[in-house]
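Since chain A is already given, all that's left is putting chain B on it; use the hints.
Protein chains: 2
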Amino acid sequence: MELDLSQPAAGLTAQLVDVESVSGSERPLADAIARALAALPFLSVHRDGNAIVARTSFGRAERVALAGHIDTVPVAGNLPSHVDGGLLYGCGSCDMKSGVAVQLKLAAQLTSAARDVTYVFYDCEEVEAERNGLLRLSRARPDLLAADFAVLLEPTGAVVEGGCQGTLRADIIARGERAHSARSWLGRNAIHDAGGILDVLRGYRARQPVVDGLRYHEGLNAVWISGGVAGNVIPDECRVSVNFRFAPDWRAEHAAEHVREVFAGWEVEVTDSAAGARPGLGEPAAAAFVAAIGGQPRAKLGWTDVARFDALGIPAVNYGPGDPQLAHTRNENVPVDQVAECEERMLGWLRGAA
Amino acid sequence: MELDLSQPAAGLTAQLVDVESVSGSERPLADAIARALAALPFLSVHRDGNAIVARTSFGRAERVALAGHIDTVPVAGNLPSHVDGGLLYGCGSCDMKSGVAVQLKLAAQLTSAARDVTYVFYDCEEVEAERNGLLRLSRARPDLLAADFAVLLEPTGAVVEGGCQGTLRADIIARGERAHSARSWLGRNAIHDAGGILDVLRGYRARQPVVDGLRYHEGLNAVWISGGVAGNVIPDECRVSVNFRFAPDWRAEHAAEHVREVFAGWEVEVTDSAAGARPGLGEPAAAAFVAAIGGQPRAKLGWTDVARFDALGIPAVNYGPGDPQLAHTRNENVPVDQVAECEERMLGWLRGAA
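Protein chains in written order, with our numbering: chain A, 53 to 406; chain B, 53 to 406.
Hints in this document: simulated from the structure, not taken from any laboratory.
Because the structure is a prediction, the values reported are computed rather than measured.
Don't be surprised by glycine CBs; every beta carbon is placed ideally from N, CA and C.
Each hint can be trusted.
A partial selection of chain A residues facing chain B, derived with a Cβ cut-off under 8 Å:
(1) 233
(2) 237
(3) 243
(4) 246
(5) 247
(6) 251
(7) 273
(8) 274
(9) 275
(10) 285
(11) 286
(12) 354
(13) 355
One chain only, chain A, in its complex shape:
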């Protein structure tokens, strides 16, 4: 199967969608992308497993990275693709083969540009972080990813979404003392005590800080609760798992410290955390991007792989075709016009003055 990079972006999206690439099974699609890129003489192409990095060498002062994952969640009876009423349907159409199609269209057309460009295609974004191809590249070949600014072409409805919030998970634990429930006053009920933890959550006032000009919106929420020993036993432990989504002006360490302070007096076990990413819209490359794309940028609230660029010191934004609410749904689709619009605006930005 050979990709036809000369067709319109929506047609290319359909071609990409029809090559099934559930996480872990990206090889046929990665092979096709690598072959298509290898045919473009102005790109140097590097491959790392099922990730591919293609770089221009226009000799510009500024380099930008455009990144997208080529894997999808499991197919849900939504292949092959089809178009209906201006919408292209199919597994991965929105998340995010339309973004990948835009990358490929740009790669094929930009024989020269105001900025050097690094195109990053990577695997295993839809599964556990340790398998993520962008993480693997950022550890093994950070030199390949080096750039002044990065755009992750995840679906944003074609609106620039700057940076992303961080995420932290912690277990807050109430401890009590077991007793037979027929003589409950001989014990101490840990589930009842956990009411204090829920009180803290119910009374919590989330910050909405402005970072680099974008307003974020934090949240501290219970996502799991569990406790209980038997139907006739006063339970001696109750565990509340909380998820703290924090704005990118805080590092993960600060977020952990904050959660420990909020639950002072309780046992707190931080189970995992990932810092967010500052939008960096004040940087010249980012400002030029926003000006070229137009519209009013907004803060990205969900955690995305832009944080991996931030960890490498590269400001990054999210921008791509498709409604993010449709990601992972059986009904996933992308407006044909929006794919073309994204391609056109990014072409304008990359061709324009630095």
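What follows is chain B alone, placed relative to chain A:
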């Protein structure tokens, strides 16, 4: 194996303990008990599976029932029995083969008495209620169990414990609305809302009513809590399972109504309930029993099979050798002297004036 009913009650206890009879495997012990009772000409013996009912026909105006289960929890490396420092150790020594030994000693000795006696030996008390031999008998042959008063020889430390409290389980459910935890304000967190359920539990004032002269002590407690969908989802359901232990002046229906009132505004699902039993210590048979045994009766707080007698309209108390706290422990034991004491006091009661 033939039981020797002429030996002291503690020796007979040891013999019973050494015939393993984990719930469902009572046959060898039931056979031995049936053979021993069949040898006593003044008893008519009925068998139902591994349950045995033996009745005197002294022609007295009053009939009392003495009941005990012959099964044990699984053996925990605590067989065969042994005596050390006046204590008889072994699986079932406390719960409740010492009580069964007292029943058998009484059956062998009481060739005549002031009261007719029905001795009930039953299976499967230590497992799910549906398999309980006393429940089976009470459904199939309530005529065999008919009595004016009943004593269940479960371990009480040789103190009369009157009646028992009822028990009811219900799920109290908080409902919310799912959302991505990165945009938590778009949903409604059911776990946070369940804080209101825990508030009710923390503020609950349990009754301590006096029923037939005994003070009971109720309790309303969470025994399980669960909620959560995924680590990044605002949960839309949280379920708190509560166990309500209620005094025997309330029927199960009243207890259910009370729980619904306490949690008005929440969804309440009553999952199971069992009424308690009034101690009935005002009844002449019971009063005579208490007078003969001596000591200060107290309320039984845990649910026991006396409730099955109550359901048949028979007031019942718990009275037997052994510390109930040791039941189901590997270290289970019974004081040798206490077995003899229970036998002696019950002999005095049954032989005494009506």
